[in-house]
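Here the protein sequences line up with chains H and E, keeping their order. For what it's worth, our numbering labels the leading residue of the first sequence as 1, then goes sequentially. For what it's worth, our numbering labels the leading residue of the second sequence as 1, then goes sequentially.
Any given hint could turn out to be false.
Cross-link-like lysine-lysine pairs, in silico, DSBU-like; alpha carbons within 30 Å at most [what the hints assert, rightly or not]:
{"#": "1", "chain 1": "H", "residue 1": "Lys380", "chain 2": "H", "residue 2": "Lys357"}
{"#": "2", "chain 1": "H", "residue 1": "Lys293", "chain 2": "E", "residue 2": "Lys307"}
{"#": "3", "chain 1": "H", "residue 1": "Lys264", "chain 2": "E", "residue 2": "Lys290"}
{"#": "4", "chain 1": "E", "residue 1": "Lys307", "chain 2": "H", "residue 2": "Lys241"}
{"#": "5", "chain 1": "H", "residue 1": "Lys241", "chain 2": "E", "residue 2": "Lys154"}
Ranges between beta-carbon positions, derived for each pair [to be verified]:
{"#": "6", "chain 1": "E", "residue 1": "Glu178", "chain 2": "H", "residue 2": "Lys241", "range": "28 to 34 Å"}
{"#": "7", "chain 1": "H", "residue 1": "Ile109", "chain 2": "E", "residue 2": "Lys168", "range": "55 to 61 Å"}
{"#": "8", "chain 1": "H", "residue 1": "Arg110", "chain 2": "E", "residue 2": "Gly64", "range": "32 to 38 Å"}
{"#": "9", "chain 1": "H", "residue 1": "Arg54", "chain 2": "E", "residue 2": "Pro295", "range": "30 to 36 Å"}
Hints in this document: simulated from the structure, not taken from any laboratory. All of these numbers come straight from a predicted model, not from anything done at the bench. Idealized CB from N, CA, C, for every residue including glycine.
The chain contents come next:
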Amino acid sequence: MSGKAIGLLKRIHIRLKLNSIQNVITLSFTSVMLLAMLIVSISLYHLFSDSAERNAVTSTQQIIDQVSLNLNSYIAEMMEISDIIRSNLRSDTHEKDNLSDILNVTAKIRKDIVTVIVYTQKGDVIISNPTGAYNNSFEVITQDWFIELLNNPDGFIFLSPHVQRFFEDSHPWVVSLCRGVTCYENEEPVVLVTVVDMNFSTIEQMCNNVSLGKRGYIYIIDEYGNMVYHPQQQMIYAGLKTENAIDALTREPGSYFDDHTGEKRIMTVKDVGHSGWKIVGISYVDELVANRKYFNGFILLITLFAIAFEILASFFISAKISRPIKLLETQMKRLETGDFDISVEVKGEGEVKQLSKAFNIMVARIKMLMEQIITEQEEKRKSELKALQAQINPHFLYNTLDSIIWMNENENYEGVSVMVAALARLFRISLSRGNEIISIGDELEHVKSYLTIQKVRYGDKFDYSIDADSTLLSRKTLKLILQPIIENAIHHGVSPLNEKGIIKISVSSESDKILFQVSDNGYGITPEILSELLVQESTSYHGSDSSGVGLKNVNERIKLCYGEEYGLEILSEVDVGTTVNIRIPYNGL
Amino acid sequence: MRLIKNISCITALLILITFISGCLGNSIMKSEDQIHIEVIVKNRIAPFWTVVEMGAIAAGREFGVNIHFDGPTDEKDIEEQINMVQRAIDLKADAIVLAACDSEELVDIAHEALSKKIPVITIDSGINSQKVKSFIGTDNVGAGEKLGQALVNKVGDSCKIVVMSFVKGAASCDQREEGLFKTLDMYEDIQIVDIIYCNSDVDTAENLTVEIIEKYSDIDAIVGLNAYGTTGAAKAIIEQNKVGTIKIIGFDSTPEEVRYLERDIIQSLVVQNPFSMGYLGVKYAFDAIKNEKIPNIVDTGSTVIDKDSMFYIENQKLVFPFTDGLSDPTVIP
């Protein structure tokens, strides 16, 4: 498994070669886009979280303002209720029945009012709603608030949550509004104290009906930092939860960060009218963070998609750019191997098109130059060969002339005229007005002249016969192809022999070729020499009569002129003789 | 071309991972909603335990877990409580908060719950097990000592008393006795005439008290070790017209006891913090489910109150369970 994985990794590594144009483009595209995307994401994130925090603070403040407004009007209502009672008490004590009616109605309408009770300054109950068995053990005149109100009858006191003790066996938790009222009984001022006890239902409703996020909440403290209302009042009372009430107490209205519970929270403080209470709104920063997390996830998802898309896009773009270049590259590789028959059809972008056009032109030029070089070389060799074949070995001429002189001195004039005629024919055909191509008849004539001269010189050491198909005599051949072969046959074949040598020359047709055959009955050629004969320059033998043109040259000239399938073929057997076949096309030039 | 394949594969993978993680996150959230904690107490209808229930429910609401509150209607019904724990195990509760009726009998069933990876948190009355690690409740020895001190304060350091205990063998009972005797040992003139067990039954306590009053006419005080004993003793004292002559120092703050306290029938009470027991029981059970470390012993505290101090603002909170005023549990129907 791991081996496979490593193999795969290696393959990927190879595939992701960093130096290819495509990957360079892909990588640089990706990194640039990534950077851009990161910057955008981060700035979006900051923008969002900042505004989210500001919004949270603002909306919390608005909510707290609303609650404060409601609470104010609630307290004002309570004040009004106690005002009605007070004005009633002030007017006439005889209207007590009327008062109890009012209290009854109030109690029926207002479910949040637990008890309304009026005390004399001695602590006796004048009237209460509901009525019941008063708790004898509860002495109201010992209570601090009662004493304070007696001294200051026009004031009012809010009592924070406490257990009501007016009645026996009934101890509900209440918040109280206590007020004094000065009445006149027999012209004497008498202070009465009214107490309105409220349960928490209305306050709770006001505080619970608003939402400060999932976990946020509102609590109310009094001017001493006592908890008036808290959604988890039980827990506060059991000491399981604490609030930073003292901190909230010292704060001016506004929003603050609070980490009292170790969590980052926003604390919004607001005063409630004349009760001296403060509303404190708590909202959790991590809820914003939760929102933020959602937003983060969203951004992350978008970013991932964008990156994936972008990688694909940049891959395709880079592929589009690099494909023609790659095509060009493969074609250049072919060029490296020497294949010039290529032309690139590139449809890519302007630059690449230009490049491939230039490439095509270059290839064409190179091809042309190469061809030119080849023809030039061929021409050069041809002219070289021409020069070679045109050249007359001075020794041959000298020897021949020497023989003529010798014959002349012996007064063999007939011989002289034969020799001179043969020599003249030899040269005439050899020059043949500069033509490369002559008729086979002329070629045979040339050979005959040569053989005539040589025969005289070698003193009948050999005989020769020429057997030519007469229909072939008018056909054309490259000139001077037989003479070097015959020269060889004389020098290497028949001249070393003791007996008389015979050289047979024949011309025949062989399907679409013409076959010249020169055979002798000489010593033959050993296979070692035979194999080198057509490869080496014929420098091995520089006899006095050598025309200087080797078998190789003849062979090459034929091949150069007619093609590879034509040329020399040497068959030899030691002590038997040698046969040289020369093939040229039937329809030669 | 292979590069294209590779890249598309990676892209697909990335998208897949994103979706899977999203789904996974959701499913984790879901499973937290369904956490179910079973709170099994000694007596599901007694006032003390209703306050425990209030605490448990408050915690349930705070942590977003389902609370099922249960318990026998009679504290001595150990069998029934064992059945309830068994039921909780069968229902695959995520945790059990237990106030054991008996510190020995409930051990086996608690161990069974633990063996099924259900954390067990004991409140108020623990069990004799090394495996059940967490106990939340009153330091009963300390509460017993406070009870003794309250006796000395209200009756004096030279008196004859009868101790009204409840169930011999219950952990809280033994520990309160231990604490009480620890304090009383310091006062050689305090004579413990008798120790009686009311089996956590008010009527039994009342009858026993009547017998005691007849048997020992010269006793100065009865010390009640739980709410039943204290209430029964108070009833007997009223019945026997011994109010004031025989003083009662008791335990807990049921509305009935509070009424007797207000009327000078009971002189002093040691009150516990049942709300905290319920709340913390659930809180630590929730922590245990989340594999967080929880403390071994949590003392929820106890306070001595009398007629006057019960209305001190800090004591009011303990004696009178806070309600929003719509219902008043302190009013006896």
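Right, here's what the structure says about each hint:
1. Taking the CA atoms of H:Lys380 and H:Lys357, the gap is near 34 Å; set against the 30 Å cutoff, the hint is violated.
2. Note on H:Lys293 and E:Lys307: the hinted pairing is violated, with a Cα-Cα distance of about 55 Å set against a maximum of 30 Å.
3. Proposed proximity of H:Lys264 and E:Lys290 is supported: the alpha carbons are some 23 Å apart, at most 30 Å.
4. Taken as a hint, the E:Lys307 and H:Lys241 pair is honoured in the structure, with Cα atoms around 28 Å apart against an allowance of 30 Å.
5. With a CA separation close to 34 Å, the supplied pair H:Lys241 and E:Lys154 exceeds the 30 Å bound.
6. Separation of E:Glu178 from H:Lys241 is about 32 Å and conforms to the stated range, judged on CB atoms against 28 to 34 Å.
7. Here the CB-CB span from H:Ile109 to E:Lys168 is close to 56 Å, well matched to the stated 55 to 61 Å.
8. Separation of H:Arg110 from E:Gly64 is about 35 Å and conforms to the stated range, judged on CB atoms against 32 to 38 Å.
9. For H:Arg54 and E:Pro295, the hinted distance range of 30 to 36 Å is not satisfied, since their beta carbons lie about 41 Å from each other.
Hint compliance for this structure: hints 1, 2, 5, 9 are not met, and every other hint is.
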